[in-house]
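Trainee: Chains A and B, in that order, give the protein sequences. No gaps in the numbering here: position 86 of the first sequence is 86 in the UniProt record's numbering, and each next residue is one more. No gaps in the numbering here: position 230 of the second sequence is 230 in the UniProt record's numbering, and each next residue is one more.
Read the hints as simulated data drawn from the structure, not as lab findings. Note that the structure is predicted; figures quoted are calculated from it, not measured. Be a bit skeptical, because a hint or two may be false.
Any copy, or any two copies together, can satisfy a pair, since identical chains are not distinguished.
[Claimed, not checked] Restricting the straight-line Cα-Cα distance to at most 25 Å, the calculated cross-link-like pairs of lysine to any residue (SDA-like) are:
no.: 1; residue 1: 245; residue 2: 276
no.: 2; residue 1: 102; residue 2: 148
no.: 3; residue 1: 213; residue 2: 15
no.: 4; residue 1: 102; residue 2: 214
no.: 5; residue 1: 245; residue 2: 97
no.: 6; residue 1: 49; residue 2: 214
no.: 7; residue 1: 60; residue 2: 274
no.: 8; residue 1: 245; residue 2: 41
no.: 9; residue 1: 213; residue 2: 8
no.: 10; residue 1: 245; residue 2: 57
no.: 11; residue 1: 181; residue 2: 166
no.: 12; residue 1: 48; residue 2: 263
no.: 13; residue 1: 60; residue 2: 241
no.: 14; residue 1: 181; residue 2: 284
no.: 15; residue 1: 181; residue 2: 171
no.: 16; residue 1: 245; residue 2: 93
no.: 17; residue 1: 213; residue 2: 135
no.: 18; residue 1: 245; residue 2: 193
no.: 19; residue 1: 148; residue 2: 200
2 protein chains.
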Amino acid sequence: MASSANGPIAIVAGSGRLPIQLVEHLEQTGQDYRVLAFRGFAAPELRKKAHASVDLLDLKTILHTLEGWKPRAVSLVGAVRRPGFSTLLGAYSALRNMQEVKEVIARGDDQVLRGAVMLIEERGHRVVGAHELAPNLVAARSLSGSLKPNEDDLQAIAVGLDLLASLSAFDIGQGAVIARKHVLAIEGPEGTDRMLRRVAGLRQSWFGLRRRKEGGVLIKAAKRGQDLRVDMPTIGPRTVAEAAKAGLSGIAIGAGSTFVLEQEETLRTADRLGLFLIAVDLPWMESTRD
Amino acid sequence: MASSANGPIAIVAGSGRLPIQLVEHLEQTGQDYRVLAFRGFAAPELRKKAHASVDLLDLKTILHTLEGWKPRAVSLVGAVRRPGFSTLLGAYSALRNMQEVKEVIARGDDQVLRGAVMLIEERGHRVVGAHELAPNLVAARSLSGSLKPNEDDLQAIAVGLDLLASLSAFDIGQGAVIARKHVLAIEGPEGTDRMLRRVAGLRQSWFGLRRRKEGGVLIKAAKRGQDLRVDMPTIGPRTVAEAAKAGLSGIAIGAGSTFVLEQEETLRTADRLGLFLIAVDLPWMESTRD
Numbered sequence: 001m002a003s004s005a006n007g008p009i010a011i012v013a014g015s016g017r018l019p020i021q022l023v024e025h026l027e028q029t030g031q032d033y034r035v036l037a038f039r040g041f042a043a044p045e046l047r048k049k050a051h052a053s054v055d056l057l058d059l060k061t062i063l064h065t066l067e068g069w070k071p072r073a074v075s076l077v078g079a080v081r082r083p084g085f086s087t088l089l090g091a092y093s094a095l096r097n098m099q100e101v102k103e104v105i106a107r108g109d110d111q112v113l114r115g116a117v118m119l120i121e122e123r124g125h126r127v128v129g130a131h132e133l134a135p136n137l138v139a140a141r142s143l144s145g146s147l148k149p150n151e152d153d154l155q156a157i158a159v160g161l162d163l164l165a166s167l168s169a170f171d172i173g174q175g176a177v178i179a180r181k182h183v184l185a186i187e188g189p190e191g192t193d194r195m196l197r198r199v200a201g202l203r204q205s206w207f208g209l210r211r212r213k214e215g216g217v218l219i220k221a222a223k224r225g226q227d228l229r230v231d232m233p234t235i236g237p238r239t240v241a242e243a244a245k246a247g248l249s250g251i252a253i254g255a256g257s258t259f260v261l262e263q264e265e266t267l268r269t270a271d272r273l274g275l276f277l278i279a280v281d282l283p284w285m286e287s288t289r290d
Numbered sequence: 001m002a003s004s005a006n007g008p009i010a011i012v013a014g015s016g017r018l019p020i021q022l023v024e025h026l027e028q029t030g031q032d033y034r035v036l037a038f039r040g041f042a043a044p045e046l047r048k049k050a051h052a053s054v055d056l057l058d059l060k061t062i063l064h065t066l067e068g069w070k071p072r073a074v075s076l077v078g079a080v081r082r083p084g085f086s087t088l089l090g091a092y093s094a095l096r097n098m099q100e101v102k103e104v105i106a107r108g109d110d111q112v113l114r115g116a117v118m119l120i121e122e123r124g125h126r127v128v129g130a131h132e133l134a135p136n137l138v139a140a141r142s143l144s145g146s147l148k149p150n151e152d153d154l155q156a157i158a159v160g161l162d163l164l165a166s167l168s169a170f171d172i173g174q175g176a177v178i179a180r181k182h183v184l185a186i187e188g189p190e191g192t193d194r195m196l197r198r199v200a201g202l203r204q205s206w207f208g209l210r211r212r213k214e215g216g217v218l219i220k221a222a223k224r225g226q227d228l229r230v231d232m233p234t235i236g237p238r239t240v241a242e243a244a245k246a247g248l249s250g251i252a253i254g255a256g257s258t259f260v261l262e263q264e265e266t267l268r269t270a271d272r273l274g275l276f277l278i279a280v281d282l283p284w285m286e287s288t289r290d
């Protein structure tokens, strides 16, 4: 077994604030850790703390580094822009047979990351989600800004949860924008920010001079059966700002299964821009902490 | 009754090629017709043939004109960009009570058009779809270009039909782009062209230099329970060109419930750009002509 009960926690880090906040949490709680940063992805602030750097697709070096560290757990955190099909094929095929690799990649985004998790686990490592290492980064059921959803918003949230539940079977649907019962956008691989800009664009072209707030809710939730160690839904102050630009009245996120970056700043931004922000129970997830 | 068995067919015409092709069909088959063109929407070619013009939201004049024509049937054809909520409210409320109008508008895009159909029907007119007046404009089950879908494409079509069936309950889902089993985009109110450009954008940013054809299928279909007199799915040569730019390998459309503009030119464009184009039976629609 490559995992050791006394070893450090290994953070394999992509871009964004999440790896930074995870490392801060580990420091504050006195946990031993090592950071393996992806070159070109990890933020400068994190790179200063990195114990090693590696190219995104250099699976051999990643596995070799982890072998040396003998970590008690490994966590893959932060975004990596999806590399091309043929690049992935080359990287994985150094370690697996070609047909198996093709099948993993063909199954979509999540599956590519799940493939990486599988490879790491096969070497005897325990892979855990950042939410297990730092539960305080996850939306508690009690999370809420100062504002509350109105009746239209509650209806939109109910429709959105139904919609995302229906979409789970298709391995998509981390997010949607609903106004009353009207679906304005469904998130695809382009991500939440671009979806929100799409809604902003729709409204500008339809309504001429756009009023500041036309209503509608952003709903973000983990998919049914989603491996939360991989690609867990994440919001932060920027999500709130984009939602405001799209004229939405608020945001609802899955309790217990959504990261909230810079939680205080995120709630403050929502209050300042006049949006509600609440956590809701997902009927298809296990019950969550309060 | 405002409808008269001997009256002309009244075409209430928005933008695009569909009203033009419908009028050509009525001329070729020797049917008496009148065109009421929306100012700022109807194409110049159609405006020459228009018997009257009207502002989009001037429901009073529309109803008054139809009353004078005593048509045997009325058809609303061609796109109109969705006007603002408050504008609609003003136009409808001249004829209906405010609360009722608010509810129609709140229910979404289709409902606004259905509201207009309802108003016209209440005055005693028979409202018919362009597909009833000119069935030759609709995709026959036998429609096909020279190329055929491969196994990946057939899988994508099956996934797409399942997806659109699941979405029908939410009053969206006229279109989606699927590659193998992977959902790349779901069409919202932005329309098919913008959805295809989104896919093109995704691929450019993910894969660097984009190869000409990466695969994937555009699926367009009428929703379950959709009133085909309102907002029937439509493709044409431009749709094929946008699908090619997005790197797709083909297009599948609902047989018997999709308009194909300039059918020969559309099929020629698909052949020329290397895309398949086929009509498929929709499990949720009545069986269609061959």
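Trainee: With identical chains treated as interchangeable, where does the CA-CA distance between residue 49 and residue 214 reach 25 Å or less: within a copy, between copies, both, or neither?
Mentor: neither (44 Å within a copy, 39 Å between copies)
Trainee: Reference check for the pair residue 245 and residue 93, CA-CA at most 25 Å: within, between, both, or neither?
Mentor: Result: close neither inside a copy nor across copies, 44 Å intra and 30 Å inter.
Trainee: Between copies, within a copy, both or neither: which fits residue 245 and residue 41 at Cα up to 25 Å?
Mentor: neither (27 Å within a copy, 29 Å between copies)
Trainee: Between copies, within a copy, both or neither: which fits residue 245 and residue 97 at Cα up to 25 Å?
Mentor: neither (47 Å within a copy, 33 Å between copies)
Trainee: Quick one: residue 181 to residue 284, C-alpha cut-off 25 Å, is that within a copy, between copies, both, or neither?
Mentor: This pair counts as both: shortest intra-copy Cα distance 21 Å, inter-copy 22 Å.
Trainee: I want to check one pair: residue 181 and residue 166. Are their C-alpha atoms no more than 25 Å apart within a copy, between two copies, both, or neither?
Mentor: This pair counts as both: shortest intra-copy Cα distance 15 Å, inter-copy 16 Å.
Trainee: Can you give me the call for residue 213 and residue 135, within, between, both or neither, at a CA distance of at most 25 Å?
Mentor: neither (33 Å within a copy, 44 Å between copies)
Trainee: Please sort residue 245 with residue 57 into within, between, both or neither, judging by C-alpha distance up to 25 Å.
Mentor: neither (36 Å within a copy, 29 Å between copies)
Trainee: At most 25 Å between C-alpha atoms: does residue 245 with residue 276 qualify within a copy, between copies, both, or neither?
Mentor: Answer is within: at 14 Å inside a copy they meet the 25 Å cutoff, but 40 Å across does not.
Trainee: When no copy is named, should residue 60 and residue 274 be tagged within, between, both, or neither for a Cα gap of at most 25 Å?
Mentor: neither (49 Å within a copy, 39 Å between copies)
Trainee: If the cut is 25 Å between Cα atoms, do residue 102 and residue 148 qualify within a copy, between copies, both or neither?
Mentor: Classified as between; 23 Å across copies, 47 Å inside a copy.
Trainee: Could you figure out if residue 148 and residue 200 sit no more than 25 Å apart (CA to CA) within one copy, between two copies, both or neither?
Mentor: within (22 Å within a copy, 38 Å between copies)
Checked against the numbered hints listed earlier, the structure breaks hints 3, 5, 6, 7, 8, 9, 10, 13, 16 and 17; every other hint is satisfied.
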